[in-house]
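Enquirer: Protein sequences appear in the order of chains A and X. The numbers in numbering that gives the first Met the number 0 rise by one with no breaks, and the one at position 79 of the first sequence is 78. The numbers in numbering that gives the first Met the number 0 rise by one with no breaks, and the one at position 128 of the second sequence is 127.
No lab work stands behind these hints, which were simulated from the structure alone. A portion of the hints provided could be inaccurate.
A pair counts as met if it fits within one copy or between any two copies, since identical chains are not told apart.
[Said to hold, decoys possible] Derived lysine to any residue pairs resembling SDA-like cross-links, with alpha carbons at most 25 Å apart:
1. K90 - A152
2. K90 - M35
3. K90 - Y30
4. K90 - N33
5. K90 - E134
6. K126 - R223
7. K126 - E195
8. K90 - R130
9. K126 - P219
10. K126 - F94
11. K90 - S6
12. K90 - R8
13. K90 - A185
14. K90 - G48
15. K126 - F111
16. K62 - A42
17. K90 - R124
18. K90 - A214
19. K90 - V34
20. K90 - R223
These are the residues of each chain, in order.
There are 2 protein chains.
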Amino acid sequence: MPKTAASIRLYVEAPLEAGAGIAASDAQAHYLLNVMRLGAGAAVLLFNGHDGEWQATVTVPSKRRLHFEVLRQIRGQRPVPDLWLAFAPVKRLEFLVEKASELGVAVLQPVFTQRTDITRVNLARLKANAREAAEQCERLTVPVIHEPVSFAAFITAWPAGRRLYFLDETGGGAPIAGALSGGSAATPAGFLTGPEGGFAQSELDALRQLPFATAVGLGPRVLRAETAALAAVACWQALLGDWTSTATV
Amino acid sequence: MPKTAASIRLYVEAPLEAGAGIAASDAQAHYLLNVMRLGAGAAVLLFNGHDGEWQATVTVPSKRRLHFEVLRQIRGQRPVPDLWLAFAPVKRLEFLVEKASELGVAVLQPVFTQRTDITRVNLARLKANAREAAEQCERLTVPVIHEPVSFAAFITAWPAGRRLYFLDETGGGAPIAGALSGGSAATPAGFLTGPEGGFAQSELDALRQLPFATAVGLGPRVLRAETAALAAVACWQALLGDWTSTATV
Chain A
0 MPKTAASIRL
10 YVEAPLEAGA
20 GIAASDAQAH
30 YLLNVMRLGA
40 GAAVLLFNGH
50 DGEWQATVTV
60 PSKRRLHFEV
70 LRQIRGQRPV
80 PDLWLAFAPV
90 KRLEFLVEKA
100 SELGVAVLQP
110 VFTQRTDITR
120 VNLARLKANA
130 REAAEQCERL
140 TVPVIHEPVS
150 FAAFITAWPA
160 GRRLYFLDET
170 GGGAPIAGAL
180 SGGSAATPAG
190 FLTGPEGGFA
200 QSELDALRQL
210 PFATAVGLGP
220 RVLRAETAAL
230 AAVACWQALL
240 GDWTSTATV
Chain X
0 MPKTAASIRL
10 YVEAPLEAGA
20 GIAASDAQAH
30 YLLNVMRLGA
40 GAAVLLFNGH
50 DGEWQATVTV
60 PSKRRLHFEV
70 LRQIRGQRPV
80 PDLWLAFAPV
90 KRLEFLVEKA
100 SELGVAVLQP
110 VFTQRTDITR
120 VNLARLKANA
130 REAAEQCERL
140 TVPVIHEPVS
150 FAAFITAWPA
160 GRRLYFLDET
170 GGGAPIAGAL
180 SGGSAATPAG
190 FLTGPEGGFA
200 QSELDALRQL
210 PFATAVGLGP
220 RVLRAETAAL
230 AAVACWQALL
240 GDWTSTATV
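Excised from the complex, chain A in its bound form (with noise of 0.2 Å):
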């Protein structure tokens, strides 16, 4: 929808709660006040991942500090679903983290695997890139997004009863309409996905023989990492997670 600003979410740390004041942060106030061009009196909605979203009334207490005025609570807190998405970083990263946000992924996990050319995650800017994305698309949360760790870190620490489902891009995957077949919401789940190079025959071959990893594919085309990621969240969320119940926002 067109931004207006009625519409203007933020998040914000503080609890949320008819009467608070809440300080904005220097980013939001300049976002405000020079980029959005508003003052005190104009309408806001907050939330802050746990007390639901809330309209807020923009005050200036002086030059170039900005309050917010809570007024009264619009929606409920309302999770996403209980799906993670663990990744190899990729040149895309910021994009993948955005889209992510968006489809409704509730963690996100940077894992180094052999074949990964990043080697460095700016783990604040992706951050900043989560948030931004929750405040468009209306979610009540903000994926949490986790320090980058190995590969043998990572599949030692997975939890083993939640499914583990790897993009093997080497086409030996199950099709993942057909691997996400009988679950539910409520299976605990996440996906992997590898780096451009794909993963190594090593990595593939530890995958394989975790009993709670499933290798998936995407058909014959060879996807890029961030759209093999993103598309495999859609499958999820239209099979198993919030939309496959008629939206109600």
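We have chain A; now place chain X onto it with these hints.
Expert: Below, chain X alone, put in the same frame as chain A:
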């Protein structure tokens, strides 16, 4: 996969048959000689959308001119499923075209709706994006990209025998997995996605009256237009398209 000389795939327009000699385009010559630093004798793969995939060798008859000597077919022709994607042009149009190509859309149709901000589409550039994506994802076809049309012309010209799933961001659409159930890859189908500002009410009214159109929804979050388009295509491929059987490229 990492790009090696052997895995460079290029689209050509000429017929492919053993012994054929085909002139490379200037862009292909530049890419092979200057970007990939290849020369005479290098191995490449060629496809043209109807003769399958062929191994070929680079020859350099004169400075800056480059030919392909076609050796032998390594894959027979194979179409993508007959899925169309119509979309109001959005800011990230090149991204949308690239991802739709990877995901296996056969036909792309830009549609100017009332709230479409973009007024011109660079068709030549989009065709280049589609071609590059097809080269990289191992498709044997390049998606057809039609000239943009108005919304009115679009719904008038849509073939009545083809199901049109339009993404209804107002929340009234059927969950996508349910909407697609009962269909098959043999049922001609297409999606229509709106612009950032959504469809106008009159457009939604017109769509709802078409006997061949179905409103679909993608859950409770507000997806960006390009995210919605790609998610819908991924769901269709997984449920009805060529992701339903184990991959055999």
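Enquirer: None of the hints should be skipped; say for each whether it holds.
Expert: Taking the hints in turn, this is what the structure says about them:
1. K90 - A152: Within. Shortest intra-copy distance 22 Å satisfies the 25 Å Cα cut-off; inter-copy 39 Å does not.
2. K90 - M35: between (31 Å within a copy, 20 Å between copies)
3. K90 - Y30: Intra 27 Å, inter 21 Å, cutoff 25 Å: inter-copy only.
4. K90 - N33: Between copies only: 23 Å across, 31 Å inside.
5. K90 - E134: The answer is both: 24 Å in one copy and 19 Å across copies each meet 25 Å.
6. K126 - R223: Cα proximity of K126 and R223: in one copy and across copies (23 Å, 19 Å).
7. K126 - E195: Answer is both; intra-copy 23 Å and inter-copy 24 Å each pass.
8. K90 - R130: both (20 Å within a copy, 21 Å between copies)
9. K126 - P219: For K126 and P219, the Cα distance is within 25 Å only across copies (22 Å; inside one copy 33 Å).
10. K126 - F94: Answer is both; intra-copy 12 Å and inter-copy 22 Å each pass.
11. K90 - S6: between (32 Å within a copy, 20 Å between copies)
12. K90 - R8: Only across copies: K90 and R8 sit 21 Å apart there, 29 Å inside one copy, limit 25 Å.
13. K90 - A185: For K90 and A185, the Cα distance exceeds 25 Å both inside one copy (33 Å) and across copies (37 Å).
14. K90 - G48: neither (29 Å within a copy, 29 Å between copies)
15. K126 - F111: within (18 Å within a copy, 35 Å between copies)
16. K62 - A42: Within one copy, since 19 Å is at most 25 Å while 66 Å is not.
17. K90 - R124: both (14 Å within a copy, 22 Å between copies)
18. K90 - A214: Answer is within: at 24 Å inside a copy they meet the 25 Å cutoff, but 35 Å across does not.
19. K90 - V34: between (29 Å within a copy, 19 Å between copies)
20. K90 - R223: Answer is both: 11 Å inside a copy and 21 Å across each meet the 25 Å cutoff.
Of the numbered hints stated above, those contradicted by the structure are hints 13 and 14, listed in ascending order.
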